[in-house]
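Asks: Counting the sequence shown from 1 gives a position; this note's numbering is that position plus 930.
It should be emphasised that the hints constitute simulated quantities derived from the structure, not laboratory data. For clarity, every value in this text was computed on a predicted model and none was experimentally measured. Hints are supplied without guarantee of correctness; some may be wrong.
As the list claims (entries may be wrong) - Using C-beta positions, here's what the derived DEER-type ranges look like:
{"no.": "1", "residue 1": "GLU980", "residue 2": "LEU1108", "range": "26 to 36 Å"}
{"no.": "2", "residue 1": "PRO1252", "residue 2": "HIS1329", "range": "29 to 39 Å"}
{"no.": "3", "residue 1": "ARG1394", "residue 2": "THR1221", "range": "39 to 49 Å"}
{"no.": "4", "residue 1": "THR1025", "residue 2": "GLU1255", "range": "14 to 24 Å"}
{"no.": "5", "residue 1": "SER1113", "residue 2": "LEU1192", "range": "24 to 34 Å"}
{"no.": "6", "residue 1": "THR1163", "residue 2": "GLN1056", "range": "48 to 58 Å"}
{"no.": "7", "residue 1": "HIS1007", "residue 2": "HIS1382", "range": "57 to 67 Å"}
{"no.": "8", "residue 1": "ASP1162", "residue 2": "GLU1434", "range": "53 to 63 Å"}
{"no.": "9", "residue 1": "PRO1168", "residue 2": "GLY1195", "range": "31 to 41 Å"}
{"no.": "10", "residue 1": "MET1396", "residue 2": "GLY1195", "range": "39 to 49 Å"}
{"no.": "11", "residue 1": "ASN1291", "residue 2": "THR1221", "range": "17 to 27 Å"}
{"no.": "12", "residue 1": "GLY1390", "residue 2": "LEU1192", "range": "57 to 67 Å"}
{"no.": "13", "residue 1": "CYS1111", "residue 2": "THR1163", "range": "31 to 41 Å"}
{"no.": "14", "residue 1": "LEU1108", "residue 2": "GLY1195", "range": "22 to 32 Å"}
Note that beta-carbon positions come from the ideal geometry of N, C-alpha and C, so glycine has one too.
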Amino acid sequence: MLRTTLFLLALASMDLRAQWQLIASGDQLPTATYDGCTHPDGSITVLTNESTALGYYNSAFVHSIGPFGSPLEDTVHITSQSEPALAARIYRRGTQDHYFVTGALLDSSIVGFENRSFVGEVDNGQIQMYPHGSRFHEGGDGLGFVAGDGSLVYGYYHFQDFATLDFNFRAVRHCPGLGACDSSLINSQIGTGRVQTMVPLADGTIATIMPAIHQGCSPSNDGIVILNQDLDTLNCLPIPIIESGMWNTTATFDDNLTALRLASGNILLCGVYERIMSPDWWHPVAIQRLTPEGDLLASRRFYNSTNPAITMRPGIMRGMSPFDEGTFAFAYADFAWQSSPWPYMTETSNIHVLRMDTALNILGEYIFNGDAINRYHFLSSVVASPDGAVYVVGSVYDHDADDPMPKAWVARVGPEQFVSVPEVQQAGFSVFPNPGADGFHLRMANPLRGAHAYLRNAQGSLLREMALTNVQTWIDACDLPVGLYILEVADTDGNRTALRWVKE
């Protein structure tokens, strides 16, 4: 008992803010960080883009950063000022210092979207560019994968008709040192370009998962297009419906897709979806676990319980990242916009970083609370590290800063920072901010009959008791000392759940 008490007191006295670390920011990096990949030593290599005062990107870089913020020597400038670029995604291939980079070369001399897709091969600090020579839709290349033969398989949108803004979607295999060694037109006249994802299947085929396609792939206009190794279309499967809305509408994934293939051969798929609930069009996020045939095995939805109409987004470039065969990192933002971070953003936003298992149970959560510090966080990617940490990359706009431009942002959340208890999250409870100063919100996914909350200190003394009549309740802690507290929630059926909260 004494040992347990001493441990709790020691934990209560820790400065938990040191458990997550700002690895790099606008002082070291350009305007925006789009994607990253980690290495066995816990370091990360990130893609950054630099913009002018008007918000147009004109330079792209590859930066390698040590696991605790120490910059490594190699910084690769992807393009020159005479050939502006937007770098979207990075893939590690083989050993450290070897990467694929995808994005677009921007033709600033032509009004419109006369841009060319590219793949860059980065080897030991040098880059070789391979333009594809097609019109490019901003943000149009999706998340792909490095195949077993070392090639990069991915897809991108390009304009079919500039006047009508109809898009084609093309799957590409890029072979190192050769360029595009295979290419296939998958869909035409799509109507709009959305962020899609590609993932290899256990039988050697490739699943291209696409929102908002309009060629009869499925009644919902979302589809899992199955390709062979030559990128020929074999089949088209519907993506399962997430939920129903008003006026007999059904909701399926709308944008920002990321897919992971599990050891079982099944697929995890996350993205944003549109839920029509009068008078608002809600935009929550969801994760589905699917069979390779597209059958739904499990799903989990995330939305803002206090204001469900708030727009939410998973990581735009990478919403999920695996730790191992059984667990993965997932992150989403609320108050997030679909577009890139623009100057003079007036809102604040919060980023939720989750550690989950493949059964879609939440094992831990950390929240970057932009509301509390008057900041707008733009979430680009979440990247799991072999040491159990999670890197969150994107941009941040500090409303209290003198400089109105967004800044690149790379943060590392250590494994010890995920303080949530699995049973709590599965039951639908969360507390935030955690750690906090003046108090915290207790949020329930669903109201419980006759629920009460009891706040105790580390010694077990009861400090607060209150009835829970709403899905979210503020619990004031202004007069309490710094330390660890236990929050117990009980209902009339005898169910009890314990949560930890730290005041700093």
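Asks: Which numbered hints does this structure break?
Replies: 6, 9, 12 and 13
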